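Asker: Take the two lone chains and join them into the complex the hints point to.
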Amino acid sequence: MTRADPAAVSLRALGRLAWTALWWAIALGALWQLARVVL
Amino acid sequence: MQSIPIPDEPAVAGRLSLTRPSLRQAMVGLGLVLTGAVLALECWRNLHFDAYLDHIEGNIVIGGWLWAHGAQLYALQDGLAQFANIYGPLAYLADLPGMLLLGPGIIASKLSAALALLATIGLTAFRFRRAAPMPAIQGMFLLIAGFAALSPMSFWTRADPFEALLVAAALASAASPICVGVCIGLAVNFKIHAFLYFLPIVFELWTRRGWRAAPSLIACAAATFFAPFLLPGISLHDYLATLAQQIGGRARTTELLAPVFAYGAALALPVLLPLCRRKAPAVDRRYGIAALTSLVLIAYVASNPGAGPYHFLPLIPVLAEARRRLASDGIGAQFATFPLLFFAAATTHLALAQIEERRSWHAYAGEALALARQAPPGTVDIGYGDNQRSYEIAQLAKVELSLHGYPRRVDGQILMELRTTHVDGSRRWIPDLTECRTSRWLLPRGEEPFAVRSYFYDDGLLFDDAFRAAFVANYRPVASTAHFTIWECGHDPG
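The listed protein sequences derive, respectively, from chains A and B.
Quick note on this note's numbering: the first sequence kicks off at 1 and runs consecutively.
Quick note on this note's numbering: the second sequence kicks off at 1 and runs consecutively.
Chain B on its own, in the form it takes in the complex (with noise of 0.2 Å):
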């Protein structure tokens, strides 16, 4: 892979004595290594225990699974998304190496967002080895303390972790156009907006190589995006109906606007401090106005309902780029990242203390499994009650039921997303219920049947009367176990 060479630039600014570091670079020092160590502790934690910190992500290791073995990607059903949400079909293949290397598991599900973690901080820890030290601890610092800082969305089982990997390695060889254009094309596969996280390096591709670049990138981009559309049972068609479904009917609202302006802000710092001093060569000024463009374009995006500050993730390492090159010596520019670690401190202690509340929740998915066992596949699915909680368990007892060999037939997830788009998914199951499909229902224990709410949302109910209705007059509950009671058939499924 080629790259544009880094410059070994004296850069008075960043000359660091590793022998006798200042007291400023030894704290800059210090908290790169705290971040590091926060970060690497945190997502260590989420690889050894088996539930998610997240209700989509089941989804989508769901969505993966059952795609491998056989089922459509983007099945509409009476024209709506069946499951599917708006991501391209390398997010939820993406997730699928870890399964198939080591079995379906959780865990297992969650190796490859792990590993992309790893190859973007390696990557950029990579290029940075001929930069001048300091500059090249700043731009890691930003990299680490913006990743702490969006964690545990750094290393999810979703489509972000996959991007910010595909954006360093775009930068890695930012001067080869069919490079760029791969990792382009890839990222545009895992979302339909990742072009936006490339806009700097394309803009710095065309000042050194004009429209030369053009073809080429493009040509790969064009073919790296529509390659997995190639694969049978992904249809671009479906994938598009999904999109423009989910996307398209989407009303926008200001509910996100403050902290994705505070992330936002958090993210610029780094850059635009050294920025406003001036000493930077020009070339690398414009790179950090291009860096802080993106920024603001993506910023609408988060901003967008069901979306959030963790769009920022892909563009970590551009902005780390963008602060290596920038590195100055004012006390502002110096220090400009610390204000990330209070984000971090709080994402991190938050995500510590869910680690350790859903600890148990794998028995309630082992739980569930034991009881779908004892049906046939493709009969028992599980349901849901009447709180977030056992929604979210619901979500985590589907993975390990689909992973197994028991399918969802219903999920909960999709149709909040629907729900945005003022569609009312549940309708369509109800000829599932009235003919029995389902023989066997698995439901939390003393709660009132499938009224979990849009908690993500509107707080508006997710299965609507009608659906609750056919429920409870084709189904009847016959046995109870610790956490679920089993409802099934109350009448011949003709």
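Bound-form chain A, shown alone (with noise of 0.2 Å):
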């Protein structure tokens, strides 16, 4: 059995970060601009 890259791994975690980050940001703006629009 092989060991995994380090920094792959890293890499990865970070990767998911962003993609976690990318859809929370998405739906949170997403929810804001349309309670605007009846607030």
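Since the hints were made in silico from the structure, they are not lab data.
Heads up, a few of these hints could be off.
Claimed, not checked - Pairwise CB distance ranges, derived in the manner of DEER restraints:
(1) B:Ser480 / A:Ala25: 29 to 37 Å
(2) B:Pro215 / A:Ala25: 49 to 57 Å
(3) A:Arg16 / B:Ala26: 31 to 39 Å
(4) A:Trp32 / B:Glu488: 55 to 63 Å
(5) B:Glu255 / A:Trp32: 48 to 56 Å
(6) A:Val9 / B:Phe126: 27 to 35 Å
(7) B:His404 / A:Ala25: 51 to 59 Å
(8) A:Asp5 / B:Val301: 47 to 55 Å
(9) B:Thr254 / A:Ala35: 32 to 40 Å
What the hints assert, rightly or not - Where chain A lies over chain B, by a calculated footprint (3+ residues, C-beta under 8 Å):
(10) 24–32
(11) 403–416
As the list claims (entries may be wrong) - According to the in silico footprint, chain B covers these stretches of chain A (three or more CB under 8 Å from chain B):
(12) 11–23
(13) 29–39
Everything numeric in this text was worked out from a predicted model, so none of it was measured.
Built from N, CA and C at the ideal position, the CB exists for glycine as well.
Answerer: What follows is the structure, given as structure tokens:
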């Protein structure tokens, strides 16, 4: 069994974090925009 | 009605604790509730204001009402469509029940479409009732968000809300070739390309039943498509001639590619992202691919001049079904519906602003009707001025007059459609002017007569020089009211 390259692992974790942050930003931004229409 | 059973699968990804939902599940639920509230508010406001948000809505309502009172739906004049657009007969007839029930009126004409939207949502929710909670919520969220993003087209008096209802009905009865066939036939009667919305349903029926389902499906679709043409005053020949004329000669442009692509991508994402995770059964993935294939085919139709992203609307129930089946647990897959809310926010903002802006327009239409009532029916029509606002008010006043015994004789909206096929439709009405067949014209006060342009297409003049010269040669202004100038025949109409 070969050990995973720590740099590749941290890069993957970073990518996952960015992906998660992007979707949270989209979801919160979209909700905010829609709420503004009626508030 | 038979329905393809929804399996009570545990759906690991969609397991929802109603007492302790995860943060992501709570966000999706919040999105569903907020979007539903916004769509309901917008639809309610539209139903409570007596004008239209689109200039074709009135044309459709007039066509149906005049047909119910003996006029031909697809009358041709010098080989050109007199008033009819490219829609099938049911598009004109669908708005009638509200007016026959409550009496002629603009608000009554909007009732059928609003009920169609409500029924589509209700039918889909009923169908999802046995599904796992989170996938069902994901499916409903896409349905409501899609309708909100494509508002006010999701409840306007044109064909689209009714087609969406027929697609939802076909989904609810997807195991029955007869029911699916009936829905396809009716939808194609609304719009000729509507069979595209049913491709995933038919594909799945084929995978389950093979070619055995084809004869009954095709027979029922054909029968229900042709049935409305058996009604008096609805000519299949004239409808096909109108269709060939207005679609056949229309050159493609790239104008609508960007909005169609943007809407197409936002609607595809909630199906595409879960599909990429490959966690759903093969049968559901095939369904998702079929739904996306339909989306691509419809994008081609939607990018034609005069069309637009609203052509995606009837596909939304199919996309919601695919979304429910493919519900997955990755954050992208879970939140993929949210981008549609940006579209929903923009369209709702615009629609609510337009409703406020147009709230006073019905007073103009009322003034026109009071002026028309000073003359015998059939002798008065609304003319056009020189800008888009007065054009849209004229279209509204034409509805008010036509619903109250003063049918339109000239319509600018059909001229816009004809212009896209390089036909000048205004010349055929010159004899009407020289013979003063309309004895009284009501034109917007202080504007140049009939100088309106084709705002929604090429910005060219709708009425050519010959028509306008004939008008000023044969009519003269005799009086003015708050918003209209009355023009009457300047010579003995012999």
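Asker: Hint by hint, note whether the structure agrees.
Answerer: These are the hints, each one checked on the structure:
{"no.": "1", "hint": "B:Ser480 / A:Ala25: 29 to 37 Å", "verdict": "57 Å, violated"}
{"no.": "2", "hint": "B:Pro215 / A:Ala25: 49 to 57 Å", "verdict": "53 Å, holds"}
{"no.": "3", "hint": "A:Arg16 / B:Ala26: 31 to 39 Å", "verdict": "21 Å, violated"}
{"no.": "4", "hint": "A:Trp32 / B:Glu488: 55 to 63 Å", "verdict": "57 Å, holds"}
{"no.": "5", "hint": "B:Glu255 / A:Trp32: 48 to 56 Å", "verdict": "31 Å, violated"}
{"no.": "6", "hint": "A:Val9 / B:Phe126: 27 to 35 Å", "verdict": "48 Å, violated"}
{"no.": "7", "hint": "B:His404 / A:Ala25: 51 to 59 Å", "verdict": "53 Å, holds"}
{"no.": "8", "hint": "A:Asp5 / B:Val301: 47 to 55 Å", "verdict": "49 Å, holds"}
{"no.": "9", "hint": "B:Thr254 / A:Ala35: 32 to 40 Å", "verdict": "35 Å, holds"}
{"no.": "10", "hint": "24–32", "verdict": "holds (count 3)"}
{"no.": "11", "hint": "403–416", "verdict": "violated (count 0)"}
{"no.": "12", "hint": "11–23", "verdict": "holds (count 3)"}
{"no.": "13", "hint": "29–39", "verdict": "holds (count 9)"}
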